[in-house]
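From just these sequences and the hints, can you work out the full model?
Residue 214 is where the sequence shown starts when you use this note's numbering, and the numbers rise one by one after that.
Treat the hints with care, since some could be wrong.
As the list claims (entries may be wrong) - Distance ranges between label pairs, derived from CB positions:
no., residue 1, residue 2, range
1, ARG333, SER279, 16 to 22 Å
2, LEU256, GLY359, 31 to 37 Å
3, HIS262, MET346, 17 to 23 Å
4, GLY359, THR338, 44 to 50 Å
5, MET288, HIS262, 22 to 28 Å
Don't read these hints as lab results, they were simulated from the structure. Here the structure is a predicted model, which means the values were calculated and not measured. Beta carbons are placed, not taken as given, at the ideal position from N, Cα and C, and that holds for glycine.
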Amino acid sequence: MKDRTSTTEGIKTVPGTELAHPSASKAVEKRPGRLIVEYFGDLGPATRHLDMVPVRTMVTAMGTISKVGILGDDMNPRAVVCLTGGDGESAQCTVDTEHYLDLFDYLVEGTFVVLRGTVRRPLSTMPALIDVMVIRSADELCAQAGVTSA
Numbered sequence: 214m215k216d217r218t219s220t221t222e223g224i225k226t227v228p229g230t231e232l233a234h235p236s237a238s239k240a241v242e243k244r245p246g247r248l249i250v251e252y253f254g255d256l257g258p259a260t261r262h263l264d265m266v267p268v269r270t271m272v273t274a275m276g277t278i279s280k281v282g283i284l285g286d287d288m289n290p291r292a293v294v295c296l297t298g299g300d301g302e303s304a305q306c307t308v309d310t311e312h313y314l315d316l317f318d319y320l321v322e323g324t325f326v327v328l329r330g331t332v333r334r335p336l337s338t339m340p341a342l343i344d345v346m347v348i349r350s351a352d353e354l355c356a357q358a359g360v361t362s363a
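Structure, rendered in structure tokens:
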């Protein structure tokens, strides 16, 4: 039988299989809702992807604010924030009118923050969102804990 493989520097390949899938050469785009969050589950503290956490559960998430969208008007301001973790996974977070005035100082792109809020899923086909109640910058939390950098 004829050998249909070719050897290049000790690696065997079958001709025509270099790009087996059309998206093989494209970068993998991560979808929102996969950010790792912490919460208290039925068996105590747990860590999971946001999409795996039940709705109306209070969660804590850490990451960098990568996008901020301001919505509403002067009387009813709101914001939508994209929080991106160190692994590139992200979550969409909403800040309602009730919490906006307390939190708007933290809504700055590029800021590393820790936030707490509840999980919401507006539609079953949409990724989970976090309705934000508290945001703190990492610098502020370190100062409160008395942590200094070397």
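Against the structure, the hints:
Between ARG333 and SER279 the C-beta distance comes to about 20 Å, which sits within the given range of 16 to 22 Å. As the Cβ distance of LEU256 to GLY359 is approximately 32 Å, the hint placing it in 31 to 37 Å holds. The hint said 17 to 23 Å for the Cβ distance between HIS262 and MET346, and at roughly 21 Å that hint holds. Distance hint for GLY359 and THR338: a CB-CB separation of about 46 Å, consistent with the stated range 44 to 50 Å.
For MET288 paired with HIS262, a C-beta distance near 36 Å fails the hint of 22 to 28 Å.
Violated hint: 5 only; the structure is consistent with all others.
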